[in-house]
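Make the full structure from the sequences, and use the hints.
Going down the list, the protein sequences come from chains A and B.
Using my numbering, the letters of the first sequence map in sequence onto residues 1 to 369.
Using my numbering, the letters of the second sequence map in sequence onto residues 370 to 669.
In case anyone wonders, no lab produced these hints; they're calculated from the structure.
Every clue listed holds true.
No farther apart than 27 Å at their CA atoms in a straight line, the calculated lysine-lysine pairs in the DSSO-like style are these:
| id | chain 1 | residue 1 | chain 2 | residue 2 |
| --- | --- | --- | --- | --- |
| 1 | A | Lys-180 | A | Lys-320 |
| 2 | B | Lys-559 | B | Lys-479 |
| 3 | A | Lys-138 | A | Lys-180 |
| 4 | A | Lys-87 | B | Lys-559 |
| 5 | A | Lys-138 | B | Lys-661 |
| 6 | B | Lys-559 | B | Lys-661 |
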Amino acid sequence: MTATPSPAASARGTEVRLTDLTRVYAGSVRALDGFTLHMAPGEFVALLGPSGCGKTTALRLLAGLEDADGGTIEVGGKDVTSVPTNKRDMGMVFQAYSLFPHMTARQNVEFGLELRRQDKATRHQRAAEMLDLVGLSKQADRFAHQMSGGQQQRVALARALAIEPQVLLLDEPLSALDAKVRSQLRDEIRRIQLEVGTTTLFVTHDQEEALAVADRVGVMNAGRLEQLASPAELYKNPATPFVAEFVGLTNRLRCTVSGGVATVLGGSVPLLAGSAGDGPAVVLIRPEGVEISTAPAGSGSVAGASASVVSASFLGASGKIVARLDASAGGGGELVSVQVDNTDVTAYAPGDRVILSPRGDAALAVAVS
Amino acid sequence: MADRPVLTGTRRALGGFRPSGALAGVVPFFAYTTVFLLIPTIVVVVGAFVDGSGRPTLDNIAALGGSTSSFLPALQHSLVLSVVTAVTGAVIGAVLAYAVSTARPDGMLKRFVTALCGVLAQFGGVALAFAFMATFSLQGFLTVWLTNLGIDTGSSLWLYQWDKGLMLVYLYFQIPLMLIVFLPAVEGIKPQWREATETLGGTTWTYWRRVAGPILMPSFIGATLLLFTNAFSAYATAAALISQASPIVPLQIGGTFTSEVILGQENVGKAMAMAMVVVVALVMWLYAWLDKRASRWLVR
Ligand SMILES: Nc1ncnc2c1ncn2[C@@H]1O[C@H](COP(=O)(O)OP(=O)(O)O)[C@@H](O)[C@H]1O
Ligand SMILES: [Mg+2]
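Right, here's the structure in full:
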């Protein structure tokens, strides 16, 4: 049978408002420093950022496992800032080892329902639905040590969802798994979330993971939210240099800014809001924002910057060429990554002379100090 | 993936027949058990059923239960002493182990306590008895100090009684032993289990009763049984502290080997030793039974 999520959960998830949260650890580490995040009902938000930027702290504050030193937490319009964890109705999935080892998968899933004093028949049925939802009906009677890491995380997910939580919280739930299982389970988490409709906060340091699953991605840096936007928006219109560099591969190229346009690689690039003003700057250009062509024989001049190929790699769906700009009066010598179609990879070999030019996608420029 | 639980499969294989080549590695182990365990046990068991001149007899066994025999009271004392010091030591030691586990893992406190307990758990025998006498006896420094302060400590005879002084002295090594053997189990507790319990709606009480308690129980009972046998078979500490009588079985056995009164008395000692072996074997069986129940979910 297929799982039928309760209408309450699927029709509308819960709205979450984290406002101006601050958390200072002993030793004056400001793990969160004016952190504000608003999640729409049923939304899947991924918190992305480098290790130590405060992602886990934000999640634990929302779960009530950690107390805020400042700011408010509202869930479903109610202020829960000082409500204890066990009254908050949060489903939590940890990185690893969170299953109770002395209980079977089924007993783990039933545990939260038991604490809610649901009768045996209801519990059994709900646990069966949940295990079915995560594809583990056959493993219901196994103990944690009899399951793989991926299966254990599925059970943990089923256990968290069984209580029909207001919010589902996942703290790097995939980082202990190997690559193949990781991407499989990632897609499955998204499928399940869409099915049950629970508002979800997913913490990860892996940008690919964040961009692949979330409705919106919040990029964190040093205890603050730098930008909260859809994956596409984040990639195309990064609000800050930190976001531009953290999300996706980026070339940092010296340029001259004048009137909202950067001159680089012998061409011009329109600049995003928040870019540096007139003067010398560094422009952050994606590998797919650079065009590459074989340099014509002879000395005929073509628009673009000349460079020589350092490496050409086949990446499956696409290909990547790395080329070094020729030294020139302006400096040069920088390495530039260029994304090409996978069929074009073989057209370039190390040492080949090439011409690089900007495609003209808007980019962000940072003033050089 | 196979549907059969992984662990069961492994256990079967271990219990089943193995090619003889695989046995070569365990020869030293068998030699060791034969020399130090099997042969003494056979000597004791055989000796328990023969008289002074080697003829089979049940007299040694009968002598244990005779109305003039002091064996049954001694056995009772030994059992009470072992149960009380095992349970008390286990409870106090477990609480201390938990306290130590909450300290910073790399901190001084933890290293100091575990090192100290390592010493104390082995600090039995004559040295320990002497330390206690030097502290609590009539001339002991604590007694003298309290007397100087005008506090009457009364008689210090309690120190030499099996159900008072001896119990206290035994706790002195039982508690540290518990701390050492139980600490790994406590440290195996994952913080996520408590947090998962809380997010699922449980309280601290729920956590201890439904999660941490059941997870720790097999280790706790196993450690308590270990403490029991540790106290039950301890000899040197009691021998050094109690010289006037033989209120517990190990002292009685020792007595039969040094007494020259009756020929064949030695074999009564072997009968007593056999009774001890039976008690310890019962405890081991209990342990194995509990272990089997727990190993459905324990990972080793
Ligand atoms: N319990 C704690 N005590 C002291 N400092 C902590 C504690 N937990 C986290 N921190 C610090 O707070 C910062 C943010 O940590 P965390 O939220 O775990 O980051 P992330 O999950 O993004 O890697 C880090 O500098 C970390 O060292
Ligand atoms: Mg973290």
